[in-house]
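So the sequence lines, in the order shown, correspond to chains A and B.
Under the numbering used here, the first residue of the first sequence carries the number 8, and numbering increases by one thereafter.
Under the numbering used here, the first residue of the second sequence carries the number 355, and numbering increases by one thereafter.
Think of the hints as simulated: they come from the structure by calculation, not from any bench.
Don't be surprised by glycine CBs; every beta carbon is placed ideally from N, CA and C.
Incorrect hints may appear among the rest.
To be verified - Reference listing, derived: stretches of chain A covered by chain B, where coverage requires no fewer than 3 residues with Cβ under 8 Å from a Cβ of chain B: (1) 76 to 87; (2) 175 to 188; (3) 231 to 241; (4) 255 to 268; (5) 286 to 300.
Unchecked claim - Result set (SDA-like, lysine to any residue): computed pairs, CA atoms no more than 20 Å apart in a straight line: (6) B/K420 x A/D110; (7) A/K82 x B/D956; (8) B/K684 x A/P286; (9) A/K82 x B/A681; (10) A/K82 x B/K420; (11) B/K420 x A/P71; (12) B/K517 x A/I332; (13) B/K422 x A/D110; (14) B/K517 x A/R200; (15) A/K417 x A/D450; (16) B/K446 x B/E1100; (17) B/K680 x A/I332; (18) A/K285 x B/A453; (19) A/K82 x A/P71; (20) B/K930 x B/R888; (21) B/K684 x A/I332; (22) B/K601 x A/G288; (23) B/K465 x B/A483; (24) B/K601 x A/P286; (25) A/K129 x B/K420.
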Amino acid sequence: MILTRRHVSRRTLLRGLGAAVALPVLDAMTPALGAAEAVSRKIAPNRMVFVYVPNGIDMRNWTPAAEGRAFQLPKILSSLSPVQDDILVLSGLMDHGGEALGDGPGDHARASASFLTGVHPKKTAGSDISVGISVDQLAAQKIGAVTRLPSLELGCEDGHLAGNCDSGYACAYVNSISWRSATVPNPPEVNPRAVFERLFGNDENAGDPSARVRNARARQSILDLVADDTHRLQSGLGQTDRRKLDEYFTAIREVERQVEMMEKQIESNSVALPAMAKPDGVPIEFAAHARLMFDLLAIALQTDTTRISTFMLAREGSNRSYREIGISEGHHGLSHHRNDPALMDKVAAINRHHMDQFAYFVDKLKKTTDGEGTLLDSTTILYGSGISDGNRHNHDNLPVLLAGGSRNFKTGRHVRYSRSEPVSNLYLSILDAAGVPADHFGDSQNRLELLSDLA
Amino acid sequence: MPRLDILLNCLGRSGVGLITICLVSGGYILGQNAQSKEDQARSPLTYEQVVTPFVRQNCAACHNEKLKTAGLDLTSYHDVPSVLRDRDRWEKVIRRVRAGEMPPKGMPQPKPEAIAGVTDWIEQQFAEADRSATPDPGRLTAHRLNRAEYNNTVRDLLSINFKPAADFPADDSGYGFDNIGDVLSVSPVLMEKYLNAATAIANRAIPGDALPRPTRMRFSPEHSPNDDGMELENRFEFPAEGEYDIKVAVNGRKEPFRLHLLLDGKEIKTADVLIEKDKPRSYEIRLHIPYGEHLLSSTMEPRTPSPQEVATANRLKLEEEADFRKAVAKHPEDAKQIALQRAVSNPPTFIDAFEVHGPYNALRPPLPESYRRIFVCGHPPGEHNSACSRVDLAHFAQLAYRRPVTPDEVSRLASLVGSAQNDGMTFEQAMRVGLEAILVSPNFLFRIEHDPKPDDPAAVHRVNDYELASRLSYFLWSSMPDEELLDSAAAGHLHDESVLSAQVKRMLQDPKSDALVANFFGQWLELRNLDSMRPDPDDFPAFNAQLRSAMYTESKLFVQSIVREDHNVFDLLNGKYTFLNERLAKFYGIPGVVGNQFRRVDLDGTQRSGILTQASILTVTSYPNRTSPVLRGKWILENVLNAPPPPPPPGVGSIDAKGGPLAGTMRQQMEKHRANPACATCHVRMDPLGFALENYNAVGQWRTHDAGQPIDASGSLPDGRSFRGSAELKTLLAADKEAFAECLTEKLMIYALGRGLEGYDRPALKGIVKELSSNDYRFSTLISGIVNSVPFQMGRGDGNTQMTTSQPTVKTINTGGGK
C-alpha cells in the first residue's frame, strides 16, 4: 500500500528529529485519492465556480424580458447564445449584507465582502475586520480535502497599493470575495504564471521522480519542524500572538496536506500534466488576461486539482478603463452614470466585455468531456455582482446567473424571484447540489425554489 | 518628551525586569510637560458650569439627541469622565471650534474669549487625566514580514536580490499602511509561496552541482499609449557564463525604422525594421555573455524607406481604411468606438520586448556571496565536514531569527539536515533543506516579542535589545538589523541613549533608509498609487511611462533630501527646490534642465514648491480625465491637517460624480453642488483647498484656463482666512504648525510601531510634537523622538488596560471604491 510505505519512509526521516513529533495531518488524509476514485467510477465530481464582476450592471441590457424557457438574451448576455440552454438567469435576488444598515457609505466594500458570505461586514479600517465564511470555503471545508488544492482564488486586479479602500472599510473587504473564516480573507492570485506554478509546481526536478519524492519528503520534515517551532513559541505568548500563530499553524497544516497529496500523486504516477505552456506573466490587455486565467481554471477543474474556485474579474470599485473596446473612462466613474443613457451604454459595453470572456470559459467547459458528460454539466458556475445599479448602489434585484450544473439544475430558463429573496438561499441550493448540504448560510431563509422543478 | 531615562533608571541594568511598581509611583513622568503652572492651580469649575452652557448656546441646535448631526449628540455628556471616554471625538470638537469651523457660518458665533475659555478648560482636564493615568506603552502583535520587508530581509541576509516576494498576495493594510501587525495574516496560499520562495532562495544561496539549464527570460513592460516607444532597457541576470540568444521584438504600425541593440552600452546588433505585411518583427543574435547582471538596451530611429516599402505602406493603409469603413457600415451607431479601437489597436511602432534564452554551453558560475555567508565553517565546496552543520546552522539561524538561538533549536535543525543526508542527499543539498526550514520558521517570518508576563497587561517592561534592534531596523530600513546593530544588542548597549542616537544617525544615512521613503512616504502621500493611475491618453498626450517614472523620482528625491539633509519638515509643504530631469522640467515649463539625469533645481519664481504641487501628488488626486477639487481637498485634510472629513452621511452620496463628464468649469460645477446644505458642512472644508490647486490639471501640468474660462484659484478657509492660488494656501497651511506636525508625527508613529495609535499613546505623541517644535522641526528630531518614546521602547503583556480605544483614522483614495 502506498500509504504504508510513505509513512514508514517519513517516520524514518523524522526519527532524526528526536522529540516525538506530531503528525498533524494524518487524520485529514482519510479520503483516498479523490481523482482516481472518480475516474474509476466514471462519475464526474461536483464542482463550483463563482465569478464576480464589480460596480453593478446596466440592468436594462441584462434582464431578459420574458421568463421561462422562451427568453431572448439581452445585449450584455448575447455572447452566451451558444450555451443558452446551459444557463439559468435568476432575477430579483438580494444581497442584504451589502445594505448600509446604519453604517453609511461604503457600498462597494460591503458588496464584495457580503456577496459570497451573506454577512454584513464590520465597518473598520483597521485590526478588527470581520465578515463571515464564504460559500466556496464552506464547501471547501467539506470537499476540498479530496483535491490537492481545496480551492483556487483568481483575480485580474492586484490588491490596493496605498490608503484604505472604501469610506472607512479595510482593503481586505474589496481585495477578496472568498473568506476562510470571518476574519481571514482568501486573496486572489492575479499572475497567470503563479497560478500555473501552483497547479503544476515549479519543480526543477520535474523529470526525476525519485528526486521529487525526496524533495517532497524533505518538505514534510520541514513542515513538521516549523509546526513544532510554532507550538514551542506559542506557550510563551499572549493571546493575540497565539491567535496569529494559530493562523500560521492552520496554513502549515493545509500546505502539509497538499504536499502529501502531491507526494502520493508522484508515487502513483498520477500527477496532473499541464496541457498548456507556462505563461510569462500578466498580459496587459484585460481580455487576454481574463481568458488565460479562465484557461488555467478550466485545466484546474479538468485535472481535478481543485473543484472549487472564485474569480474576481475586477475588484469592486475598480476604475479600470477598457480602451481596447473604445472606452477610455474608468469603469467606476462611468458606473455613476446619473441615468445618462450615453454613459449607461458605456457601462453596458464594459458589462458585455466581461461577459464575453465568461462566455469563452463556459463554452470551453462545454467542449471538454468529463466522465460521461461535459465539464460544464458537472460544474455549477455563478456569475454576478453584489451591486445592481452602479449609480444607485442598490443591493436588490442583483444581476445573477448560473451556468452549467445541468445535472442538478434545470437550465435554459429565466426565473424571477420576489425582490428581497436573499442570494444566500441560492447558495443553500448550490451546496445541496454539491452534496454538502447546510441548514443555513449567511442570511439564508430557505432553499431557493424553482431551480430544478417546472419549466 | 516623555522621560524614558528616569523611568528606566528604576529598572536597573537588567532591562527586561517588570516595572509595575515604578510606574505606580512614577506615573507623572510621562506627563511631565503638562505639569505646568496653570494646571497646578486646580480649576474649581465644573463641567456643568463651563461646558454645558456653551454647548446649549452654540452646539445643541444641531448636535442634540434628536438630530445627532454628523452622528454627534453633545447634549449626552454631563461630566468630565464621559468626555474622557470619547476623548478622540472631543479633541476633534475642540479643534474645529477653535478653528472657527463650528458653529458653521450663518449661525450665531460665540465670542473668542468664550471659545478659549471652554476649549482651554477641556484641555486642562485632558492634561490632568494624562498625568494621573498609568502610562501604557501598548504592545506590538506578532508581526508577519510584509512583502517589502521580506524582500529586503532576504537581500540583507543572503546578499540575494531577486525580490522573492513579488508573487506573494498583496498585504492588506490598515490605518493607511501595510505594515500593521494586527492586519497581516497568513493564508495557506501565502504559506505555499513561502515554501516555494524558501526553495528558490536556498537554491540560489547554495547553487547545485548541475549547470544552470537554459531558460527563457522576458521583459515586456506595460506600454502606455503615449510612450514614444523608441527605447527600452532592462537589467537581466545571466546565471552563468555562456551563450545566450537575445531577441528584441518591435510592435505597432508598419513604419520604417533602424533598430540598435546594445549590451552594457555596446552595440551588438543593428537592423532595419521593414514595412512588410504579416511579418513578425523580432531581431535575434547569439552572444557569449559573462556571468552576472548586464544591461540590455535598444533604441530606434526613423530611416528613409525604399520605394518598395512605400508601395507596401500605401497598400496596407488602403486595406485598413477599407476594413474600417466596412466595420462602421455594419455598426454605424458604434462609429466612434470603432475609430478609437482602431487607433488603440494600431499604435505607432514601438520596441515591445526583450527575450533572453540561455545559457547554452554554460561555464560553472563563481560561488555567490551567500555561499560564504552560510558555510562559515570554512571548508571548500565538496569538502564540507558534516560536523560543521551545527556551526553553520547556528550562525545562520541567529541572523535569520534576529536573536541568539538556543542549543535545542540548533540541534533540531541539525537533525533535520542529518536525516536529509540519510535520505540520500549530499551535505549541500541537505543544508538547503535546513535553510528552507529556517526561512519558513515562524521565528523568521514573524517578528515576535517575548513578554515576561504575556497575559498581564499591567506588566510593563522595556523590550530587550534584540527586539529594539528589530524595531529600529524595520522602522528605518524595512529590513533586518545588520551586524553592527546585532553586536550592539549582544553587548547590551543598544538602549543606551548615546549608542541609540548614534545608530539612528548612521541608519538614516545608510542607503537602506530609502525604504523609509518608499514605504512610509510612499503610503502616507499615496505616491505608491501613481503606478496604477491611468490618465486619459487623449486628454493628456504628454503623459507616458517615462513621465510617470520622472514624477515618482522627483517626489522620491525630494523626500529623500528632507530625510538625509535633515530639513525642517515644513519644507515638505513649501520647500523652494525640487529634483527634475529634462522631461519633467519641460513638462513644468522650467527652462535650463538638459538631459535625463535628475538634478536639484531652485524653484524660486516658479508656480511650484513643496510636495503639494508636484505632479505625482496632483495626478494621484485626480480622475483619469479631469481634476477633482474634492479628492485634492480631502487629501490635504487627511494627510496635511490630520482632519479627515467624515464620509458622506447615508443617502447623500457623493457630490462629485466620480469622473463622469461635467459641463462648465470644475469650480462652477462644484459650487452648484455645494448649494445642498447636507453636503456643504464638509465640502466647505474640502473644496476650497482643492480649488487652490485648480491651476494644475489632472496630471499636474500648469494651466490658466478650464473649459475655456480663466481659472479662479481663490477661496477661503472655514475660519475666514482667504487665499489666492496654491502658494498662498501653502503659506496658510504652514502657519498652522501644530496641525501638520501632529499629522506627520501620528502617521510616522503608526508606521514605526506597526499599529494604530490608541488613547494611551497620546502623551507620547504630544511629547514628540513638542520636542519637534522646540527643535526647529528637524526631521531627525521626529525620528529620535519616536525612537526614544515609551511606546517604541517598551512593551507589556496582552489584554485591555483601558476601556476606550480610539477609532482608526479613516482614509479613502480615489482609485478604488467610495461613494
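Comparing the hints with the structure gives:
Here's how the segment 76 to 87 of chain A fares: 0 of its residues keep a CB closer than 8 Å to some CB of chain B, so the rule of at least three is not met and the hint is violated. Counting residues of the segment 175 to 188 of chain A whose C-beta lies closer than 8 Å to any C-beta of chain B gives 8; at least three are required, and the coverage claim holds. Counting residues of the segment 231 to 241 of chain A whose beta carbon lies closer than 8 Å to any beta carbon of chain B gives 6, which reaches the threshold of three, so the coverage claim holds. For the segment 255 to 268 of chain A, the assignment as covered by chain B holds, since 7 residues bring a beta-carbon within under 8 Å of that chain's beta-carbons and 3 suffice.
Coverage of the segment 286 to 300 of chain A by chain B holds [criterion: at least 3 residues with CB-CB distance below 8 Å; count 3]. Among the hinted pairs, B/K420 with A/D110 is consistent with the structure: their alpha-carbon atoms are about 18 Å apart, no more than 20 Å. Our distance criterion of 20 Å between C-alpha atoms is broken by A/K82 and B/D956, whose separation comes to about 57 Å. Restraint check: the Cα-Cα separation between B/K684 and A/P286 comes to about 36 Å, which exceeds 20 Å; the hinted pair is violated.
At roughly 19 Å between alpha-carbon atoms, A/K82 and B/A681 fall within 20 Å of each other, so this suggested pair holds. A C-alpha spacing of about 49 Å is found between A/K82 and B/K420, which places the hinted pair above 20 Å, so the restraint is violated. Under the criterion of a C-alpha separation no larger than 20 Å, the hint pairing B/K420 with A/P71 is inconsistent with the structure, at around 46 Å. As the CA atoms of B/K517 and A/I332 are separated by approximately 35 Å, the hinted pair breaks the 20 Å bound.
With a C-alpha separation of about 15 Å, the suggested pair B/K422 and A/D110 falls inside the 20 Å cut-off, and the hint holds. Restraint check for B/K517 and A/R200: the C-alpha separation of about 16 Å stays at or below 20 Å, so the hint holds. Simply put, A/K417 and A/D450 have alpha-carbon atoms about 25 Å apart, too far for the 20 Å limit, and the pair is violated. Taking the CA atoms of B/K446 and B/E1100, the gap is about 15 Å. The hint holds against a cut of 20 Å.
Using a Cα cut-off of 20 Å, the hinted pair B/K680 and A/I332 holds, with the two alpha carbons roughly 17 Å apart. Straight-line distance between C-alpha atoms of A/K285 and B/A453 comes to about 60 Å, which puts the hinted pair past the 20 Å bound. In summary, the hint linking A/K82 to A/P71 is supported, as the alpha carbons are separated by about 9 Å, within the 20 Å threshold. Between the alpha carbons of B/K930 and B/R888 the distance comes to roughly 29 Å, so the proposed pair goes past 20 Å and is violated.
Distance check on the hinted pair: B/K684 and A/I332 sit about 16 Å apart at the alpha-carbon level, within 20 Å; holds. A threshold of 20 Å between alpha carbons decides the hint, and for B/K601 with A/G288 the separation of about 18 Å falls inside it, so the pair holds. At most 20 Å may separate the alpha-carbon atoms for a hinted pair to count; B/K465 and B/A483 exceed this at roughly 28 Å. Distance hint between B/K601 and A/P286 is fulfilled; the C-alpha atoms sit about 18 Å from each other, no more than 20 Å.
This hinted pair does not check out: A/K129 and B/K420 have alpha carbons roughly 25 Å apart, beyond 20 Å.
Hint check: violations occur at hints 1, 7, 8, 10, 11, 12, 15, 18, 20, 23 and 25; the rest are consistent with the structure.
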